[in-house]
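Protein chains in written order, with this note's numbering: chain A, 158 to 264; chain B, 223 to 597; chain C, 802 to 966.
The hints are simulated quantities; they were obtained by calculation from the structure and are not laboratory data. Hints are supplied without guarantee of correctness; some may be wrong.
As the list claims (entries may be wrong) - Derived lysine-lysine pairs resembling BS3-like cross-links, with alpha carbons at most 27 Å apart:
#1 B:Lys373 with C:Lys805
#2 B:Lys321 with B:Lys331
#3 B:Lys342 with C:Lys804
#4 B:Lys374 with C:Lys805
#5 A:Lys257 with A:Lys185
#6 A:Lys185 with B:Lys373
#7 B:Lys321 with A:Lys257
#8 C:Lys804 with C:Lys837
#9 B:Lys373 with B:Lys342
#10 B:Lys374 with C:Lys961
#11 B:Lys374 with C:Lys804
#12 C:Lys961 with B:Lys373
#13 C:Lys961 with C:Lys895
#14 B:Lys374 with B:Lys342
#15 B:Lys578 with B:Lys342
#16 C:Lys837 with C:Lys805
#17 C:Lys934 with C:Lys961
#18 A:Lys257 with B:Lys342
#19 B:Lys342 with C:Lys805
#20 C:Lys895 with C:Lys934
#21 C:Lys837 with B:Lys578
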Amino acid sequence: MSDIRIGDHPILDFVTGREVEFSFEGQKLTGYEGEPIAAALHAAGIKILRYSNELRRPRGFFCAIGNCSECMMRVDGQSNVRTCIEPLREGMRVQRQDGKGDLSAGM
Amino acid sequence: MRECEIVVVGGGPAGLTAAREAGVHGAEVLVLDRNDRAGGQLVKQTHRFFGSRAQRAGVRGIDIADVLLESALDCQRVDISLNSDVMGFYPDGAVAYEKEGTWNKIHPKCLIVTTGAAEKFIAFPGCDLPGVYGAGAVQTLMNVHGVRPGKKVLMVGAGNIGLIVSYQLMQAGVDVLAIIEALPEVGGYTVHASKVRRMGVPILTGHTVTCAHGEDHVQGATVVQLDESWNPIEGTESDVECDAICLAVGLSPLIDLLWQAGCSMGFVPELGGYVPMCDENMRTSAPGVYVAGDARGIEEASAAMMEGSLAGLGSAHALDYVSEEDYSRRHAEISSELQTLRSGPTARHILDGFGKLQQVSPRTQRLTEGSEDTC
Amino acid sequence: MLKKDGIPAEEDVAIITPSDERRAAGPVAWVECFEKIPCDPCHDACPAGAIAEFSDINDLPSVEHDECTGCGLCVSACPGLAIFVIDETYSEEKALIRLPHEFSPVPEPGDEVPLLNRAGEEVGTGEVDRVQKPAAFDRTAVVWVIIPQELVRDVRAIGKVGGRP
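Start from the sequences and build out the full structure, keeping to the hints where you can.
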């Protein structure tokens, strides 16, 4: 994880929230409270966020600012959450979406 | 429904300067921004900006964002609402936005659209693999969230963004294997190219990526040289081992709200795609709707700031907050600065673009009567 | 070629090179700005008035090397990081170059660093003489490196201590 998170930077000082635990596909991971879920997953080495609708191809994020919808995942039972802009909270349950999100569940 | 004099959509350099200019003349302004902090793309720009002192030359983009926000909020009647995602502009002139799960509507007298731009994309086999990122995404990840996009990056595109992001990647401790550019020359400022070239990063013009390899994420890419007709030259393919491919292949104006407003739009490649027709006050063909910054045409932050000021001035003037004398003087001041900025060789394509915009057939999309276009 | 890979041609560098007499008189700024872009903070940065006021912001800087005192304030002020102050009077064999550096870690005085030319090729090693990183330089460190005299036209960057960055 230290390989991916930037420590010393010549221009920037990174201020993070407190370290929190969350689950990804049943696996316990840690990240910083308030950072985008996709950033926490990326820092934990997880690149595949979902599988595409028709051909089930592995997909990760692309734009990282909420424009493109590549990063959509199921969070606490809610589908189609744009994880690149959704802040991480303690205890979140994050799952990959396989194809289109199920909008009926978790409402 | 809440009423407001001026609503600005997008709190980046154009939006904040628009708010400041209108606010300084006494208008009521609400800036709506979908992010949790204002500044737009400025918040990711760790490098020093160019331009003149008035445009904050020498100051890092990240600091300019703070300065612009402070100067906008200094005005008594200027306010900003963050985490406010504008979803639509209705025929009755209402603007709807989503904020923290609530649906809000506001009715402005003037709307200033400063929504910026979105990344373009090039398609090649494997382009949908995790590990292919837009340049803005790479900047966001590294400079906002402190996370490296990968260990070895191939940069595609040698415009200002590709060159700057390559430098920022190196500052973040990431290995930039090469910068490839399909055009025969570097598109960005040569000083940006020099900065990375002297650190050993190869810059290969006349090259493009033909495919990305990897089982379930990027593990490599194939790069090929192009001839003068953009055709791959057989035998020049080479494989690069990388874990991320960054696409810095241009930006497109984010103009959904302008289409919704029924603005006359023209397709101009030099400006990034569809852009609105507007007058010298940055006013579009839709009554009370103004535009500034990248949404008006892809350019630089300095130009965005000045266009924002023009839009702020124009709308405040339309609302009778500015005397004719003050308006003329200030308008001439900003326009002259903008003209100087655009007088150099690096802005020629912008002026060409504006020229073309005068000549293309305008297109509009009307929600109420059925769309003329499918976009 | 500058527009192909960011490396200026020898003719470009010759135009901005201070005269032999000026170079022999002490530290002087080499302003390696070759392209007309809208940019002028170098004029404001120079306390000696050696960089003329810009009549057109797109012009290349007009540098009066005889007015230049070699103070080096321009080095950290240039947004393009394109200015270098070189003192060829340091010693018989060695020159002292001050260059902008925005990478971590910042080297320490006494460090041996790889010397890189404009193509990023290692052309020798140099010793770090001193490092300036005051708040006024806004996070651009200015590194003073002792280099062989014959490399003054070539060295424009340093690699990481003990290896490449």
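Here is what the structure says about each hint:
1. Between Lys373 (chain B) and Lys805 (chain C) the alpha-carbon distance is near 26 Å, which keeps this suggested pair within the 27 Å criterion.
2. At most 27 Å may separate the alpha-carbon atoms for a hinted pair to count; Lys321 (chain B) and Lys331 (chain B) meet this at roughly 21 Å.
3. With a C-alpha separation of about 23 Å, the suggested pairing of Lys342 (chain B) with Lys804 (chain C) holds against the 27 Å cut-off.
4. Restraint check for Lys374 (chain B) and Lys805 (chain C): satisfied, since their Cα atoms lie roughly 23 Å apart, inside the 27 Å limit.
5. Pair hint Lys257 (chain A) plus Lys185 (chain A) holds up; C-alpha atoms about 25 Å apart against a cutoff of 27 Å.
6. Among the hinted pairs, Lys185 (chain A) with Lys373 (chain B) is consistent with the structure: their alpha-carbon atoms are about 25 Å apart, no more than 27 Å.
7. About 25 Å separates the Cα atoms of Lys321 (chain B) and Lys257 (chain A), which keeps this hinted pair within 27 Å; it holds.
8. In summary, the hint linking Lys804 (chain C) to Lys837 (chain C) is supported, as the alpha carbons are separated by about 12 Å, within the 27 Å threshold.
9. The hinted pair formed by Lys373 (chain B) and Lys342 (chain B) meets the criterion: a straight-line CA distance of about 24 Å does not exceed 27 Å.
10. The straight-line distance between the Cα atoms of Lys374 (chain B) and Lys961 (chain C) is roughly 18 Å, inside the 27 Å bound, and the hint therefore holds.
11. Taken as a hint, the Lys374 (chain B) and Lys804 (chain C) pair is honoured in the structure, with Cα atoms around 25 Å apart against an allowance of 27 Å.
12. Between the alpha carbons of Lys961 (chain C) and Lys373 (chain B) the distance comes to roughly 17 Å, so the proposed pair stays at or under 27 Å and holds.
13. At most 27 Å may separate the alpha-carbon atoms for a hinted pair to count; Lys961 (chain C) and Lys895 (chain C) meet this at roughly 21 Å.
14. This hinted pair checks out: Lys374 (chain B) and Lys342 (chain B) have alpha carbons roughly 22 Å apart, not beyond 27 Å.
15. Taking the CA atoms of Lys578 (chain B) and Lys342 (chain B), the gap is about 21 Å. The hint holds against a cut of 27 Å.
16. Between Lys837 (chain C) and Lys805 (chain C) the alpha-carbon distance is near 16 Å, which keeps this suggested pair within the 27 Å criterion.
17. With a C-alpha separation of about 17 Å, the suggested pair Lys934 (chain C) and Lys961 (chain C) falls inside the 27 Å cut-off, and the hint holds.
18. Note on Lys257 (chain A) and Lys342 (chain B): the hinted pairing holds, with a Cα-Cα distance of about 24 Å set against a maximum of 27 Å.
19. At most 27 Å may separate the alpha-carbon atoms for a hinted pair to count; Lys342 (chain B) and Lys805 (chain C) meet this at roughly 23 Å.
20. With a CA separation close to 24 Å, the supplied pair Lys895 (chain C) and Lys934 (chain C) stays within the 27 Å bound.
21. At roughly 24 Å between alpha-carbon atoms, Lys837 (chain C) and Lys578 (chain B) fall within 27 Å of each other, so this suggested pair holds.
Violation of the numbered hints given earlier is absent; every hint is satisfied by the structure.
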